[in-house]
Amino acid sequence: MNWKLIVAIAQSLLLARWRQTLIAAIGVTFSITMFITLLSFMAGLNDLLDGLIVNRTPHIRMYNEVKPNSQQPINQYAPYQQHYNFIHSIKSGGSRQEIYNSALIMQSLQKDERVVGISPKLTAQVFFNDGSIDITGAINGIDVVVESKLFHFNEYITEGNGNDIGKVPNSIVLGKGLAEKLLANIGDVVQVTSAKGNRFQLKVVGFFQSGIKELDKVQSFASVSTVQKLLGKPSNYITDIQVRLKNIQMAPALAKEYQQLYQTDAEDIQTANAQFETGSSIRTLISYTVGITLLIVAGFGIYNILNMMIYEKMDSIAILKATGFAGKDVKRIFLLIALSIGFVGGMLGLLIGWLLSYSIAHIPFNTPSLPTVKTYPINYNPAFYVIGAIFSLVTTYFAGWLPARKASKIDPVIIIRGK
Amino acid sequence: MQPTTPILEARNICKSFHDPVSIQVLKNISFAIHKGEFVSLTGKSGCGKSTLLYILSTMDTDYEGQLYIDGILMAEKKEAELAQVRNSKIGFVFQFHYLLNEFTVLKNVMLPGLKLQKYADAEVEHRAMEKLTMLGVAHLANKKANLISGGEKQRVAIARALINDPHIIMGDEPTGNLDKKNSDIVFDIFQQLATEFGQTLLIVTHDPNFASKTSRIITMEDGRMI
Chain A
229 MNWKLIVAIA
239 QSLLLARWRQ
249 TLIAAIGVTF
259 SITMFITLLS
269 FMAGLNDLLD
279 GLIVNRTPHI
289 RMYNEVKPNS
299 QQPINQYAPY
309 QQHYNFIHSI
319 KSGGSRQEIY
329 NSALIMQSLQ
339 KDERVVGISP
349 KLTAQVFFND
359 GSIDITGAIN
369 GIDVVVESKL
379 FHFNEYITEG
389 NGNDIGKVPN
399 SIVLGKGLAE
409 KLLANIGDVV
419 QVTSAKGNRF
429 QLKVVGFFQS
439 GIKELDKVQS
449 FASVSTVQKL
459 LGKPSNYITD
469 IQVRLKNIQM
479 APALAKEYQQ
489 LYQTDAEDIQ
499 TANAQFETGS
509 SIRTLISYTV
519 GITLLIVAGF
529 GIYNILNMMI
539 YEKMDSIAIL
549 KATGFAGKDV
559 KRIFLLIALS
569 IGFVGGMLGL
579 LIGWLLSYSI
589 AHIPFNTPSL
599 PTVKTYPINY
609 NPAFYVIGAI
619 FSLVTTYFAG
629 WLPARKASKI
639 DPVIIIRGK
Chain B
48 MQPTTPILEA
58 RNICKSFHDP
68 VSIQVLKNIS
78 FAIHKGEFVS
88 LTGKSGCGKS
98 TLLYILSTMD
108 TDYEGQLYID
118 GILMAEKKEA
128 ELAQVRNSKI
138 GFVFQFHYLL
148 NEFTVLKNVM
158 LPGLKLQKYA
168 DAEVEHRAME
178 KLTMLGVAHL
188 ANKKANLISG
198 GEKQRVAIAR
208 ALINDPHIIM
218 GDEPTGNLDK
228 KNSDIVFDIF
238 QQLATEFGQT
248 LLIVTHDPNF
258 ASKTSRIITM
268 EDGRMI
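As given, the protein sequences belong to chains A and B, one line each in that order. When you line the first sequence up against our numbering, it's residues 229 to 647, in that order. When you line the second sequence up against our numbering, it's residues 48 to 273, in that order.
Worth flagging that the hints you see were computed from the coordinates, not collected in a lab. Cβ atoms here follow ideal geometry from the backbone N, Cα and C, with glycine treated the same way. One or more hints might be untrue.
Computed cross-link-like contacts, BS3-like style, restricted to lysine-lysine with a CA-CA straight-line distance of at most 27 angstroms [to be verified]:
#, chain 1, residue 1, chain 2, residue 2
1, B, LYS125, A, LYS559
2, A, LYS232, A, LYS484
3, B, LYS125, A, LYS634
4, A, LYS637, B, LYS124
5, A, LYS232, B, LYS227
6, B, LYS165, A, LYS559
7, B, LYS124, A, LYS559
8, A, LYS457, A, LYS409
9, B, LYS125, A, LYS637
10, A, LYS457, A, LYS559
11, A, LYS637, B, LYS136
12, B, LYS165, A, LYS232
13, B, LYS190, A, LYS232
14, B, LYS91, A, LYS634
15, B, LYS136, A, LYS556
16, A, LYS232, B, LYS136
17, B, LYS125, A, LYS556
18, A, LYS395, A, LYS431
19, B, LYS136, A, LYS559
20, B, LYS191, A, LYS559
21, A, LYS232, B, LYS191
22, A, LYS556, B, LYS165
23, B, LYS124, A, LYS556
Facing chain B, according to a computed beta carbon distance under 8 angstroms, are these residues of chain A, among others [what the hints assert, rightly or not]:
#, residue
24, SER240
25, ALA554
26, VAL641
Far from chain A, some chain B residues (derived; all Cβ distances over 12 angstroms) [said to hold, decoys possible]:
#, residue
27, PRO67
28, THR98
29, GLY118
30, HIS173
31, GLU177
32, MET181
33, ASN189
34, ASN229
35, SER230
36, THR242
37, GLY245
Extracted from the complex, chain B is given alone in its bound form (with noise of 0.2 angstroms):
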């Protein structure tokens, strides 16, 4: 038996597209990650590892099977109840950065926690500032966000999805638009974080190089895992 509740679970998750035909993109995925691992999830283009990943993210509501996180089984909770759930407990890093324009470094960072409102306006920007200081961008804090480089900017969101201590965050390719230096930067960012304060980390990606660095590697291909 385990010792813990896993932090992710998925039960015989399955999905499918009807537009324009019917096609099942994930059959029967059912796997659980416990607390301080560093999983990647690989496989090639289209079998399916986004989807699963937005599924697990509580963003695509739209499957069947079961998805507990923390132990709490998903399906029934509202779209609010849901964005909570990603609020407080899961951190993302996307592809394209999706950092606000409209807002600095510093404040960008510092909107989840002030939508958590568990931490007073002054602290969760204190906090702000540490994440920003331990990934090494706390210079740019009062830049905007637009006019920060590639690699900074992913270093912004990696901040941004550790400002309310998630149980677990997730990456959907954050090194697939980078170049060498600054994917290696965010892979031994991400390293750290799993190694140093045993961050949960579930992280999409095709390349192989990367995948193998991590603890535990999850493969799928036409919509199975492998």
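Excised from the complex, chain A in its bound form (with noise of 0.2 angstroms):
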């Protein structure tokens, strides 16, 4: 096949006729730029909103849960087995907060290969003494360097600094809100009441923002051993483990597998906020499905202005089958014409899409519950391209089949003598 012969008719073809095919082409660029800059925008918001979370979750938490016993002892006494034993009234008693062997257990996670990094977390509940109200809150003991390698906890730190709880003595981060509420500053000493009675003086020394309101307004952190210390326990008292995993897919195998290894509760991201993994997939499928629209209605244009091409050089292809070119090479022709106009729209559209993406990705968005992020949120990931590219290939391709088909049916016979 001549494929250098059918190259030169085709562009000729398109050159003669630059407006319409400009035109088209148009139709392909604008379409995948908007589907780039719309996949591209959305996945950048759905990051931002996962991140609000999962960048913030643990993938895996270990933890015991209060609960019944599963075992109660009448159902284990030998004579009752067979019956069917109702129990009324079963307490939580005996069970512990605490993670039992937890030195050896953070021991053993961070040897397996899968983890990226474990924090220890214990949770407080507590009164904030101010004058003569007691505001409820929560100070978490986290340890604050592991939390901000794993967890971005120093993204969030608005004023003051994180890692000083990690350095100042009975120190604490409070949440924006909760110091609000406190009318309390860097460097003041707030009086905290545990749920024992015990009371505390911790001094401020930074605040957080997580961009969940409520969040803000009765969480606070604290050192490890400050909390601790407060609860009144030992140094070995933890009652959070907190996983974060290579691979995010595999958190709900794992959690199982730990919950087995370790005889502790384990709970994945996926399970705690399957509300988000939904948001993300509808928001994506959208998008996906407006982009697509967008280059299905670029194909009909395509389609037009093959068709009416076609009208127009009627005569040119009945003389080129008149004279040796067989139904074929014509389909040819004008399928390379619409795989054309698609290839220069596409790559022309990408790269459209590209900068006005990286435009979106300069424009100042400032959002008080978000204090890190700072102009829009773009992602640019290569798939989208990719899947530009392929689309307004096979979509061009589409829109110019049924077109050169008719092209290759031309009767010349009926052209010439027609006339």
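Using the hints, put the two chains back together into the complex; each one sits in its own frame.
Quick look at the structure:
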């Protein structure tokens, strides 16, 4: 097959009607541009919203749930094992929130290759004493260095220095909302009362803003040892072990495994935050739908223009056929025309789409609930560009296929005699 | 017996149109054309001469009977193979020139040659220039095809028909759209091709003056040869 000749003919036909060609290509360019921009923006937004939760949430959280023992004594007593036992008013007694052998568990988790890192945590419910008013709140004991590395803790510190809670004894980082309620400034000392009635003075070293307002009204952070002291517990007392995995998708499986292995409760992120997964996938679905719709519309544009071109070029097609071009050669010429429109339009669309998303990424976007975000979020995922490129070719191919087939079926005799 | 196979042979060719009513337009046409003959096919309007020409040219495949080109039966060939036959063995000249306006004159002449791929591109170009020179239109080679006059267009079309050294040149009223002067030029070219180069020609015409000057006249009436 003489492709050089086919290409030359297609090129001449294209350039002879360059205005039409341009309009068809602009249609493709526009839709690919919007496809790329829309998906990049939507994905950026998804990442941002997921980041609110996912970045700060452990992939697996190990803890001991306060719940009634599932193995009640009566069920283990041999004579009654074959019976159906009704037990009323079971209490969740005897179970401890502490994770047994936490030090060993952490050692073994740290050796696990699937784990990026672990961070211990314990929480104390306290009252913040503000004059005669007591405000309920929670103090999370964290290892601030590890917490920052794994869960971006420092990114949410709006004032002061989060690392100070590891260095300054008896210090605390207050949630922004909580600090406003307490009228506390950095350097002030707040008084807290633990659930057991012990009073402590803690120095404020920073403010924390998560973007979730309700959370900021009750949460505060201190070092693990400060909270252990607050609770009157020994230094091996840990209620949660937070695990960050290399592959978040493995969380449900690993949660089950750890539950078996370490005899604790383990909750994976997918179960804990199912609504975010759903939201993200719906948003992605919508943007793909819109993008592909745009492409299909552009495809119809190409279809129309090619159809028109074929009516205009009837004579040329007839003469090509009379001088020895077969139907399939004619078909190839018109498919090539369609594909070049798709290719050029698509490539331009990718470029302009990239430029557009790049400029969107530089538009200021300040919101009080997201202290770390300064501009609109954009995700430059190369997959969008690959999909865009493939789709621009596929839609134009199909848009060109019918007109090309029609052209190949043109009977030269009818055209030549019809004059 | 014939010393050589005829270049083109029709045996009992019949054709009917079925829309709106069935009319038989060609009735048992049989004849043969041998190398070097300059044949004109003439008759009144609507007698079926153009219809016959398009069957002989392999473009119309809807007929009964047998058509042999170079002794090869055309009926069994596929569309692409017929295109190949037209490309290599038949040259066309139509009433309305039918050059491709997107291309230059030279490129128009070259296209069937490039399609055939018998010669390298440079050689095809050289041959195209030769044909244009022979027909006296070489100076137009780089003009766009829609910018030249009708008589010039027809000469370019003849050059295009000649590019692949066809066995036979077919013309459908090639002078029908030209004035007297240009008609004469075109006829002289055909005449010259037939006498000097032994080119076989089959020309449909309703111009008795034109027909009378050819070496063999086939006259048709009501779908029959007389």
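#### Entry: Structure-inconsistent hints, enumerated in ascending order
Numbers 2, 5, 10, 14, 28, in rising order.
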